[in-house]
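Novice: Take the given structure of chain A and dock chain B to it, following the hints.
Letter by letter, the chains look like this.
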Amino acid sequence: MNPKRKLHEKLFSWFDDRFEISPLVEFMRHKQVPVHRHTIWYYMGGVTLFLFVVQVMSGILLVLYYKADENAAFESVRFIMTKVQFGWLVRSIHSWSANLMVFFVFVHMFSTFFTRAYAKPRELTWITGFVLLVLALGFGFTGYLLPWNELAFFATKVGTDIVGAIPLVGDPLKIVLRGGEDVTGATLSRFYAIHIAILPALFTVLLGLHLLFVQRQGMHEPEHIAALPTEKKRMLPFFPNFLLRDVLLWFVVLNVLLCLAVFFPWGLGEKADPFSSAPAGIRPEWYFMFMFQTLKLIPAHVFFLEGEVLGIVAFGLAGLAWLLVPFWGRGFSRADRRAGMTLVGVAAIVYIAVLTVVGYLL
Amino acid sequence: MLGWLGSVLYPVIAYLQPPKIPEASVQSVKAGLASGFPANSGQIVKFGRKPVVLIRTDTGDFRAFSATCTHLECIVQYRTDLKQIWCACHNGRYDLRGRNVSGPPPRPLDEYAVKVVSDEIYVTKQADAS
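Residue numbers (the numbering used here), protein chains in the order written: chain A, 1 to 362; chain B, 1 to 130.
Don't take every hint at face value.
[Unchecked claim] Dumping the calculated BS3-like pairs for lysine-lysine here, alpha-carbon to alpha-carbon at most 30 Å: (1) LYS83(B) - LYS296(A); (2) LYS20(B) - LYS30(B); (3) LYS271(A) - LYS50(B); (4) LYS46(B) - LYS67(A); (5) LYS296(A) - LYS46(B); (6) LYS67(A) - LYS50(B); (7) LYS83(B) - LYS271(A); (8) LYS20(B) - LYS174(A); (9) LYS20(B) - LYS50(B); (10) LYS31(A) - LYS10(A); (11) LYS271(A) - LYS30(B); (12) LYS20(B) - LYS46(B); (13) LYS50(B) - LYS296(A); (14) LYS46(B) - LYS271(A); (15) LYS20(B) - LYS271(A); (16) LYS46(B) - LYS83(B); (17) LYS174(A) - LYS46(B).
It should be emphasised that the hints constitute simulated quantities derived from the structure, not laboratory data.
Only chain A is shown next, with the shape it has when bound in the complex (with noise of 0.2 Å):
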């Protein structure tokens, strides 16, 4: 061995005989990035990563002192934000980020929509990217009653009756999620162990999985790029030039983060009663209004359903086709079904955006 050999290169080599890395640093040093007007977008997965991460760390240190069981849950955020030295601090950080999580997960899926990223050979990265966007929404769902106030248990409430009215699996399924008939202390227990053990495992396998096909199958490129002959294609190393701007990123929205949890920070409301009725005004998280909204609008009866069954199985159907989105208009010219593609994608955002001002307006 060379004695003259520095540190890191001996620890490199220490590691290298044992678990052959060479090859890894060699596909890494390879790795490009298509630079076009479409290269933004490529940063947004990493964000959410990014907050992904400050969740987890937030979320582990709330834990040190959060209580759920439902006579001490509101207390123990209350004891977090108010005794606990930048307890206040580290709240707030978690549900902004949680809010801003998911708007870049929404960011993220709707410009791989529209840059056509999920066509083949990526359908699974889809796939496992929309199974990430529910288990987000999961995240905020269970993350949102934990607090044990009274918006949270209204919200619980209404959430879990609506998956009470799945056909056939909704009723058993609805006693498993609030463990009993109704929204209780059981509830807060279970949404607890959901939010930080079921949610955390599940998100990390998928997320290993989601990162694994984008590093093997590397970035997409948009068709008129990937047309291109190989001169004309304009590259960037992802190691180092990539990941050091995905960093730099990383910051501003990290800033941006903090900033809103300084001067906004996050409120805690009154305390949950199971006797009290629904407060006015009362709505979910921004990003289940679309879903509260339509179901305000749905009449009570529509022929033999019942509105809000008829709700729950058009949400559960344009779910599955969102999911299976790689495999639309396969009988479809090229011309055609980007067309019909970008057609859907608008109608999507439309109808989201409109039903979001209109639930934050009435």
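Specialist: This is chain B only, laid out in the frame that chain A set:
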């Protein structure tokens, strides 16, 4: 293979089903004094583990209904301005007979009987109220 899967999954699924907790059957509850209950007002009363909305109408009559909205189970309230029972969650409305009159609720609210004996209000489960 199927047998093995069943022997693993069945206990897990059974474990997830919460045990049924026997509930004392409540038939009637006291809900305060009639003299302290103003006309055109309402309040939520605990009926065992269920909430009930007790209303005194303009004319002084008492009415009581299940306070669980038949749409998505939010707890309703009496709106003095509308003189209707209202659910804040999805803007569902019921009249003072508990009938769903507007918004998404698909069914009327279950009605409870109300009696006033020596100024004490008693809310009682009706035969068809669950």
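Novice: Which constraints among the numbered hints does this structure fail? Numbers only, ascending.
Specialist: Violated hints: none at all, because every hint is consistent with the structure.
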